[in-house]
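Participant: Sequence:
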Amino acid sequence: MIKVVKVLSAAMGVLIIGALGLLGYGLFYKTSPQNPQQENAASPPAVAVPAASTTAVEDFDAIGLAQPTGSVIAQVTAQGGVVYLTVQGGGVSDRVLVVDLVKRRVVGRIDMGDADSRPPRPAK
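Positions 0 to 123 (numbering that gives the first Met the number 0) are the ones given, in order, by the sequence shown.
Relax, there's no trap hidden among the hints.
The list that follows gives simulated cross-link-like pairs (lysine to any residue, SDA-like), each with its CA atoms no further than 25 Å apart: (1) Lys2 with Val13; (2) Lys102 with Ala77; (3) Lys102 with Pro67; (4) Lys102 with Ala61; (5) Lys102 with Asp60; (6) Lys102 with Ser70; (7) Lys102 with Val82; (8) Lys102 with Leu64; (9) Lys102 with Ile62; (10) Lys29 with Ala18; (11) Lys102 with Tyr83; (12) Lys29 with Ile16; (13) Lys102 with Ile72.
Computed spacing ranges between beta-carbons, pair by pair: (14) Val71 with Lys29: 50 to 60 Å; (15) Gly112 with Lys29: 50 to 60 Å; (16) Gly88 with Ala61: 18 to 28 Å; (17) Asp60 with Asp93: 22 to 32 Å; (18) Val71 with Tyr28: 53 to 63 Å.
Just so you know, these hints were derived from the structure itself, not from any lab. In this text the structure is predicted, and so the values were computed from the model without any measurement. Just so you know, even glycine gets a beta-carbon here, dropped at the ideal spot from N, CA and C.
With the sequences and hints as input, model every part of the structure.
Facilitator: Shown next as structure tokens:
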């Protein structure tokens, strides 16, 4: 009877060690890349960014922003041929100006103040 218990204990030990070995192999297999193609397939695709239009410095002319005196440009963000200027001060609420460098003019304005503080728009 004792010999049967010893054989069963040894068999169970071998099974436990084998199961742990298979578990370790599975973890190693899942975390290491099989080949470079599979690693690249898992990564997100690269996003194509259009090239910014370039304007020579000697061809560049002043762009009027039409902002009140005392205004300060707090931040500049460029994206392609468009520049976003965060403007503060000048007695009005903060605002973002969208400047198109190709057309050389302000194409948009976003006011950060209350809707009631803005002057009314003319009727069409």
